[in-house]
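Assembly of the complex is requested from the two constituent chains, each provided in isolation within its own frame, with the hints serving as guidance.
Taken in sequence, the protein lines are chains Y and R.
Quick note on our numbering: the first sequence kicks off at 1 and runs consecutively.
Quick note on our numbering: the second sequence kicks off at 1 and runs consecutively.
Because the hints were derived from the structure by calculation, they are not lab data.
Fair warning: this is a prediction, and the values are worked out from it, not measured in the lab.
Some hints here could point you the wrong way.
[As the list claims (entries may be wrong)] Think about it this way: if two alpha-carbon atoms lie no more than 16 Å apart in a straight line, the pair counts; the simulated EDC-like pairs of lysine to aspartate or glutamate are: (1) Y:K18 - R:D12; (2) Y:K17 - R:D16; (3) R:K152 - Y:D39.
[To be verified] Sample of chain Y residues at the chain R side, in silico, Cβ under 7 Å: (4) L12; (5) M16; (6) Q80; (7) E91; (8) E129.
[Said to hold, decoys possible] Computed footprint of chain R on chain Y, listed as stretches where at least three residues anywhere in the stretch have a Cβ under 8 Å from a Cβ of chain R: (9) 26–37; (10) 40–52; (11) 69–76.
Each residue gets a CB set at the ideal place from its N, CA and C atoms; glycine is no exception.
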Amino acid sequence: MPQHEYTAEYALDLLMKKLTERSPELARQIQDVVDHGKDAEEQERPPGGKKSRRYRKTVPYSYGEALNAALDALGAHFIQQPLIINSACEEMREAAVGNGSSSRGFGFLDHFREQSAEAKGQQKSIEIELVTETQVRPLAPAAQETYPLKETSEAQVEEQKQHLAKLRALFDFRE
Amino acid sequence: MATLSDLENAIDALLDHPLGANQFQLVRRVEEKAYEAYIFGLCLRAVRELGATPILRGISGPPVPFIFRGAPGQIHSRNRNYGYAEFALNGQRFEIHAGVEFRGTSDMTHELDVCIMRSEDSDSCRQQPDDPPAASLIAGWECKFYAGTLDKGLGRAYVGLIDDMGSNIRTCGLCSNTGHPQLRDYFQPRGQS
Chain Y
1 MPQHEYTAEY ALDLLMKKLT ERSPELARQI QDVVDHGKDA EEQERPPGGK KSRRYRKTVP
61 YSYGEALNAA LDALGAHFIQ QPLIINSACE EMREAAVGNG SSSRGFGFLD HFREQSAEAK
121 GQQKSIEIEL VTETQVRPLA PAAQETYPLK ETSEAQVEEQ KQHLAKLRAL FDFRE
Chain R
1 MATLSDLENA IDALLDHPLG ANQFQLVRRV EEKAYEAYIF GLCLRAVREL GATPILRGIS
61 GPPVPFIFRG APGQIHSRNR NYGYAEFALN GQRFEIHAGV EFRGTSDMTH ELDVCIMRSE
121 DSDSCRQQPD DPPAASLIAG WECKFYAGTL DKGLGRAYVG LIDDMGSNIR TCGLCSNTGH
181 PQLRDYFQPR GQS
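Okay, chain R solo, but in the shape it has when bound (with noise of 0.2 Å):
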């Protein structure tokens, strides 16, 4: 029989464990953003599987240490030293962002959570402070990391995001640790997911 003292053990087990609750304390404020930096590094290993080698870099030199925006910022913001990638493939270079800004097809501004884009519109922004245009993204993703249920609203956004992004993205998705069933049938029958 399971005991009362048996229960009252196992959860003081879990939640004093190092990964428990303290470890959940420190880490809280960075959860989302560390799910940003998970889906960065799968892309990563995308180009490195096509190939080719992904390059880390600062807005203002080596990247070390290798900077996560915090919040949504501009490409050319130089407030700390934000990292970034950069690869070369068929001829062309390309570079791999977090939390960066672009200019929608209605000239309203997004953040893009983790995204793929042309290396010749992002040194043109770095170079002439702007924000870069939608035709610049080749692929972007909305990364969110939940412990429940995923909010129906976040495809309903998603949806509507990637609709102002023009039509030179070639993949885009909305990535996270959970799901909701709904969202599912939501997304399917307009190929989305």
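Bound conformation, chain Y alone (with noise of 0.2 Å):
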């Protein structure tokens, strides 16, 4: 008696079709992920008992396969994302701050000094730019110039993680 109501063909095709109506770029990208195959060793028997030999060859996911890789890039921008970003605002949070714009002109124990120690260990601002610098500006104003990184908290992060691990656990079509 087969354990899933559905195939491996029939659940990445509704995989592909939920995150299209959700967002065609993600849609994109996870195909792109899909359709980009793997590595596999083939082999070659030559007639008359000559020795075999192995080859490499691109060969395209199976179904099963394709699901799996499309959920690694999933949890590539669900999971690992947010954590990177917590990462870099943590590692932000224990560095100093200093008041001027640069150390040039200050002695190498000013150098020191000036800085804010009390900056240490507190939240910082960190934004990443939109509008680069060379980029040809439109006339009416972008509405964001930069993007501020802000972290998400380790709860929403493992909840994710779980749906992660459910879907990952109905996308198991081994016998």
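This is the structure we're talking about:
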């Protein structure tokens, strides 16, 4: 008796359909990952009992493998990316903040004195530039010039890890 | 038995979570740069572990907020108050930068995603606007955030980049959240992984 009411092919189709409904760009990225295929080792058996040889060949993923590749890619966006931002925020929090623009003109000891040591351990505001220096600016100013990095709670990351694990179990078609 | 309804609900739960598809729409433009910020943060941690204190600075004043470049740029650029970090070790001053362009030994300029360089050279390039020379570079990392397998071409580009950065560089690497089995082989014999 089959363990699933659906096939791996149907599951992949459904995942891609739902992804496309929510974010066509993310769906395209995941499709690229799925279409990348994998390296496999093929074996050639020459006629006449000659020694067989092995060679590399790029082959498509099976539907089951494609589902796992898609989940790995979604995990990069949904779990790794928030953890990466959390780590960046944490490491920046432990750094001191200099009052001047540059240490030029300060003596070596002054360089240490002029830092604002109390900033160590404090949350820092971190932003990534969206409108870059060389970008030709449109007449209408951009809605957002920079993107602020915000930490995510461990509980939210944990929830999403569980969602991913549950889906991985539903994508397990091994007998 | 896993039902169709189980499958639908599980996909919806993943995609509709606050860290799901909507969050991707917000951060997709900065994912790669956020990864550079992560590697920059690991450099800060390494400095602290060596007993030094990293100090965050901005090109034009206190780095509030601390701004990471969205594209490769010049170390002397004041287009925004771009951030960097400074630290002193063994009587020498160094700086950690992200997204700054260097002049290679061939005179071609190259962006280093994250790097450590001598403060003396960065001071000089800020005072008299110029690209820092390859010789000022102590360490450099290329940072790639990928959802799938890493492109093999990135490995070739990295080798070409480091080859043009002279012989002062002490440590370097291609950092990524993912990999490619052939890239591991490509780097291994040369000791570049």
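Against the structure, the hints:
1. Y:K18 - R:D12: holds, 8 Å
2. Y:K17 - R:D16: holds, 14 Å
3. R:K152 - Y:D39: holds, 13 Å
4. L12: Constraint on L12 of chain Y not satisfied, violated at 11 Å.
5. M16: Check failed: Cβ of M16 of chain Y comes no nearer than 10 Å to chain R, outside 7 Å.
6. Q80: Given a least distance of 5 Å, the restraint on Q80 of chain Y holds.
7. E91: At 3 Å from the nearest chain R Cβ, E91 of chain Y passes the 7 Å test, so the hint holds.
8. E129: Interface hint status for E129 of chain Y: holds (3 Å vs cutoff 7 Å).
9. 26–37: It holds: at least three residues are needed, and the region 26–37 of chain Y offers 6 whose Cβ sits within less than 8 Å of chain R.
10. 40–52: It is violated, with 0 qualifying residues against the three required.
11. 69–76: With 5 residues closer than 8 Å to chain R, the region 69–76 of chain Y meets the three-residue bar; holds.
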